[in-house]
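Q: Chain by chain, the residues run as shown.
Protein chains: 2
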Amino acid sequence: MVEHPKEFLLELFNAAVEAAHPAQVLAEHLPQDRSGRAIVIGAGKAAAAMAKALEEHWEGPLSGLVVTRYEHGLQCDLIEVLEAAHPVPDDAGREVAERIMGLVSSLSAEDTVFCLLSGGGSSLLSLPAEGISLADKQQVNRALLKSGAAISEMNCVRKHLSAIKGGRLAKACWPAQLHTFAISDVPGDDPSVIASGPTVADPTTSSDALGILCKYQIDAPASVTEWLNNPASETVKPHDPVLENSHFTLIATPQQSLEAAAALVRSKGLTPMVLSDSIEGESREVAKVHAAIAVHARKYRQPVGTPCVIISGGETSVTVKGNGRGGRNAEFLLSLANTLKGEQGIYALAADTDGIDGSETNAGCWLTPDTWSRAEQLGLNAEASLEDNDGFGFFEALGQLIVTGPTRTNVNDFRAILILNEDQ
Amino acid sequence: MVEHPKEFLLELFNAAVEAAHPAQVLAEHLPQDRSGRAIVIGAGKAAAAMAKALEEHWEGPLSGLVVTRYEHGLQCDLIEVLEAAHPVPDDAGREVAERIMGLVSSLSAEDTVFCLLSGGGSSLLSLPAEGISLADKQQVNRALLKSGAAISEMNCVRKHLSAIKGGRLAKACWPAQLHTFAISDVPGDDPSVIASGPTVADPTTSSDALGILCKYQIDAPASVTEWLNNPASETVKPHDPVLENSHFTLIATPQQSLEAAAALVRSKGLTPMVLSDSIEGESREVAKVHAAIAVHARKYRQPVGTPCVIISGGETSVTVKGNGRGGRNAEFLLSLANTLKGEQGIYALAADTDGIDGSETNAGCWLTPDTWSRAEQLGLNAEASLEDNDGFGFFEALGQLIVTGPTRTNVNDFRAILILNEDQ
Numbered sequence: 000m001v002e003h004p005k006e007f008l009l010e011l012f013n014a015a016v017e018a019a020h021p022a023q024v025l026a027e028h029l030p031q032d033r034s035g036r037a038i039v040i041g042a043g044k045a046a047a048a049m050a051k052a053l054e055e056h057w058e059g060p061l062s063g064l065v066v067t068r069y070e071h072g073l074q075c076d077l078i079e080v081l082e083a084a085h086p087v088p089d090d091a092g093r094e095v096a097e098r099i100m101g102l103v104s105s106l107s108a109e110d111t112v113f114c115l116l117s118g119g120g121s122s123l124l125s126l127p128a129e130g131i132s133l134a135d136k137q138q139v140n141r142a143l144l145k146s147g148a149a150i151s152e153m154n155c156v157r158k159h160l161s162a163i164k165g166g167r168l169a170k171a172c173w174p175a176q177l178h179t180f181a182i183s184d185v186p187g188d189d190p191s192v193i194a195s196g197p198t199v200a201d202p203t204t205s206s207d208a209l210g211i212l213c214k215y216q217i218d219a220p221a222s223v224t225e226w227l228n229n230p231a232s233e234t235v236k237p238h239d240p241v242l243e244n245s246h247f248t249l250i251a252t253p254q255q256s257l258e259a260a261a262a263l264v265r266s267k268g269l270t271p272m273v274l275s276d277s278i279e280g281e282s283r284e285v286a287k288v289h290a291a292i293a294v295h296a297r298k299y300r301q302p303v304g305t306p307c308v309i310i311s312g313g314e315t316s317v318t319v320k321g322n323g324r325g326g327r328n329a330e331f332l333l334s335l336a337n338t339l340k341g342e343q344g345i346y347a348l349a350a351d352t353d354g355i356d357g358s359e360t361n362a363g364c365w366l367t368p369d370t371w372s373r374a375e376q377l378g379l380n381a382e383a384s385l386e387d388n389d390g391f392g393f394f395e396a397l398g399q400l401i402v403t404g405p406t407r408t409n410v411n412d413f414r415a416i417l418i419l420n421e422d423q
Numbered sequence: 000m001v002e003h004p005k006e007f008l009l010e011l012f013n014a015a016v017e018a019a020h021p022a023q024v025l026a027e028h029l030p031q032d033r034s035g036r037a038i039v040i041g042a043g044k045a046a047a048a049m050a051k052a053l054e055e056h057w058e059g060p061l062s063g064l065v066v067t068r069y070e071h072g073l074q075c076d077l078i079e080v081l082e083a084a085h086p087v088p089d090d091a092g093r094e095v096a097e098r099i100m101g102l103v104s105s106l107s108a109e110d111t112v113f114c115l116l117s118g119g120g121s122s123l124l125s126l127p128a129e130g131i132s133l134a135d136k137q138q139v140n141r142a143l144l145k146s147g148a149a150i151s152e153m154n155c156v157r158k159h160l161s162a163i164k165g166g167r168l169a170k171a172c173w174p175a176q177l178h179t180f181a182i183s184d185v186p187g188d189d190p191s192v193i194a195s196g197p198t199v200a201d202p203t204t205s206s207d208a209l210g211i212l213c214k215y216q217i218d219a220p221a222s223v224t225e226w227l228n229n230p231a232s233e234t235v236k237p238h239d240p241v242l243e244n245s246h247f248t249l250i251a252t253p254q255q256s257l258e259a260a261a262a263l264v265r266s267k268g269l270t271p272m273v274l275s276d277s278i279e280g281e282s283r284e285v286a287k288v289h290a291a292i293a294v295h296a297r298k299y300r301q302p303v304g305t306p307c308v309i310i311s312g313g314e315t316s317v318t319v320k321g322n323g324r325g326g327r328n329a330e331f332l333l334s335l336a337n338t339l340k341g342e343q344g345i346y347a348l349a350a351d352t353d354g355i356d357g358s359e360t361n362a363g364c365w366l367t368p369d370t371w372s373r374a375e376q377l378g379l380n381a382e383a384s385l386e387d388n389d390g391f392g393f394f395e396a397l398g399q400l401i402v403t404g405p406t407r408t409n410v411n412d413f414r415a416i417l418i419l420n421e422d423q
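Chains as they are written, first to last, in numbering that gives the first Met the number 0: chain F, 0 to 423; chain E, 0 to 423.
These aren't lab readings, by the way, just hints derived from the structure by calculation. We treat Cβ as the ideally placed atom computed from N, Cα and C, and that holds for glycine. Treat each hint with caution, since some may be false.
[What the hints assert, rightly or not] Listed next, the stretches of chain E that the computed footprint assigns to chain F, with coverage defined by at least 3 CB atoms under 8 Å from CB atoms of chain F:
#, segment
1, 271–277
2, 294–304
[Unchecked claim] 27 Å max Cα-Cα, derived BS3-like pairs, lysine-lysine:
#, chain 1, residue 1, chain 2, residue 2
3, F, LYS145, E, LYS340
4, E, LYS320, F, LYS320
5, E, LYS214, E, LYS236
6, F, LYS320, E, LYS145
7, E, LYS145, E, LYS214
8, E, LYS145, F, LYS340
9, F, LYS236, E, LYS340
10, E, LYS267, E, LYS5
11, E, LYS5, E, LYS298
12, E, LYS320, E, LYS214
13, E, LYS236, F, LYS340
14, E, LYS298, E, LYS340
15, F, LYS214, E, LYS340
16, F, LYS236, F, LYS214
17, F, LYS170, F, LYS236
18, F, LYS214, E, LYS320
19, E, LYS320, E, LYS340
20, F, LYS214, F, LYS320
21, E, LYS170, E, LYS236
22, F, LYS145, E, LYS214
23, F, LYS267, F, LYS298
24, E, LYS320, F, LYS145
25, F, LYS340, F, LYS298
26, E, LYS214, F, LYS320
27, F, LYS5, F, LYS340
28, F, LYS145, F, LYS320
29, F, LYS340, E, LYS214
30, F, LYS214, E, LYS145
31, E, LYS5, E, LYS340
32, E, LYS145, F, LYS145
33, F, LYS214, F, LYS145
34, E, LYS320, E, LYS145
This is chain F alone, in the form it adopts within the complex:
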């Protein structure tokens, strides 16, 4: 029996975030000899926390520059930490990217570079390719974010419009020894997708990028389509010799965080069931499937006996049609509420492990069986809020937002559904 379901769900979320935090996971992956001189570069929502963890555990001289999202910075002693815009790149990001390219462009095989990558790095490390203005790149980015495209598709396009992504940063570092430490926020943990893979080979092509723009009917500027039709827009392909001295290590993944939450569930005497670390799809529909599984567990003790917690990660998407506020986790939870309609014994939380759901001020939201009746009392209509993509507004009115501020890590979405026995 869980005495405080909401607090329990929040504990699970915190355990998931903690398991992915650079302060917990970076040190063990550093080379045994930590005495050499190293240059540090990096980008992502975890960049500042990764730089700080590196400083604390590295013994030799360090210098360098990383970029993180606005309000995600931390004071470091040796490494410069700058901030830039996410998810839509800005001038600050471009300036940092130019400086980073400059830092690594004339190194020798005796030099060591640490590249610290995490989710968000794709937008933050933004250096448009030859002939493409930042405004043109921003226009394409904004359109993609609204289109319902998967993150892997958005990143394919971004990589081919960039002077730094798709392995181009590794190419600039060559022939230095390059160690990339990455925190995965992408389904499947593919290194070429995390932060758009600036230090790894890219299997996608310019032609793929053109296909994605077409598929989502993105009205791209002429400079963009011209560049994508230019062979120079191709990224660094597998087996390119410039990748010889490049080493890639995943230091945190969505699955590790789900496992940490599952271990906590188990320690409290309940059964955890991790559905998947990589669920994609339209948030509101993904929620219907989660709701059906939760109801089934309560009614038939399948696919898992109660009391239990169903846990899932990944990255759902929202095709925006309304004018409301809210990220994909708020949308998920609103649809879950609208499907469960106050079903007894089912509690849920959905939040982004980076602490920011979409472009809102909350990490996510939570719900209990009485969310439905409380919403009705307040005159809130879940169906209408969902039509308006207003998950934030719905849960804000109920006082059911989860606000953490930036967590300075990012292993994507975290969803947990607590299901009590039928007699509870």
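Since chain F is already given, all that's left is putting chain E on it; use the hints.
A: Structure of chain E alone, referenced to chain F:
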């Protein structure tokens, strides 16, 4: 190890259908004294098979009339079996409904009526309410079927436009002893939803029906909106005395069929995992979640260890945008194929237990890991087929349709995903 994955999945589907077949499940629910005189009425895809099973096990005089879908009929000795149109009602359905209402309208408390209900009964037992033409009802029905509305929503509207549904048939039978035997094809097995609940109370209201028409922007004829604003359009509400002599028994459910398939999986030494018997949502998005779970099982042996079979039921929906062919199971499997992209070790089947996927000639389809490469060889593009809602065309070209003809029962969708160990 499963030697013939496709055949194994077909066996599971057959077991699910078999477990819901009237010949298997009706007899045990008949009253102990089977010697009296009884009148038989009924409607649905299983109506003929239910009538036949009743004839075989009842010992007293029987007479009556049931209606089933075209091509779902069976020759009975004592009970007349007629056919009508589904999912869009026609004149034949209306004539049967009028005759059935006539059969039960002047009975006494000494009479016994058996009412045999199954999925499809809603369209087949079609008698428009006062002042509404069949054409008007058909127009609303067609619009609803294309709108993406849930079956429960479609049935709410249908009940309020009917002279026979929403408890009105039970009202006509009163004061006779009425025994309803039903096969559930609806998520949650709610008797008021199965075949639009002609013999049970209806908790929904005319105002709900108006709300649904509005939500899906159905352009309803004036006769329809006028009738729904007339208090006479209200259905029979709970605790109405006309329901006193009415008894309702579920003789088959989706869950029983999923359990039968699960038992067969277990008997072969694999682990079954029943996700839910009542999954709703947009087919293509529901497929993405199933794909993520399957991939996760293969990679992490969560939420279930391999080799395993993930089984689910319910009724997904398709918001038709393209011009292709295919029911919701073809759409589900096409999206699954498009997400898995030939992932090794994963085999799947999705089919409607009634033998007809949507309004096509197939029950469903199957896929294997080489479906992806075979499709590519044939120049088929899964993404484009999905955009065109052409699951039927895609799997027909591959020779991967499942064609059973009418099964004469209906416990809704059946999905099974076989996942082998990573080294298989």
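Q: For the pair supplied as a hint, E/LYS320 and F/LYS145, confirm whether the alpha-carbon distance does not exceed 27 Å.
A: holds (20 Å)
Q: Okay, the segment 271–277 of chain E and chain F, do three or more residues pass the C-beta test at under 8 Å?
A: holds (count 6)
Q: Compare the distance between the alpha carbons of F/LYS214 and F/LYS145 with 27 Å, and conclude whether the hinted pair is satisfied.
A: With Cα atoms ~13 Å apart, F/LYS214 and F/LYS145 stay inside 27 Å; holds.
Q: Taking 27 Å as the top limit, are the C-alpha atoms of E/LYS320 and F/LYS320 close enough?
A: Between E/LYS320 and F/LYS320 the Cα gap is close to 17 Å, so the pair holds against 27 Å.
Q: Just to be careful, I want the Cα atoms of E/LYS170 and E/LYS236 compared with a cutoff of 27 Å; is the pair within it?
A: Within the cut-off at roughly 11 Å; holds.
Q: Given the hint that F/LYS5 pairs with F/LYS340, test it: the Cα-Cα distance must not exceed 27 Å.
A: holds (18 Å)
Q: Checking one constraint from the list: CA of F/LYS236 to CA of E/LYS340, max 27 Å. Satisfied?
A: holds (22 Å)
Q: Is F/LYS214 close enough to F/LYS320, meaning Cα to Cα at most 27 Å?
A: Roughly 18 Å separates the two Cα atoms, so the pair holds.
Q: Hint check: E/LYS267 vs E/LYS5, CA-CA at most 27 Å. Holds or violated?
A: Holds. E/LYS267 to E/LYS5 sits at ~15 Å (cutoff 27 Å).
Q: Are F/LYS340 and F/LYS298 close enough, with their CA atoms no more than 27 Å apart?
A: holds (16 Å)
Q: Does E/LYS236 sit within 27 Å of E/LYS214, going by the straight-line distance between their CA atoms?
A: holds (24 Å)
Q: If you draw a straight line from the CA of E/LYS145 to the CA of F/LYS145, is it 27 Å or shorter?
A: Holds, at roughly 25 Å.
Going down the numbered hints, you'll see the structure goes against none, and every one checks out.
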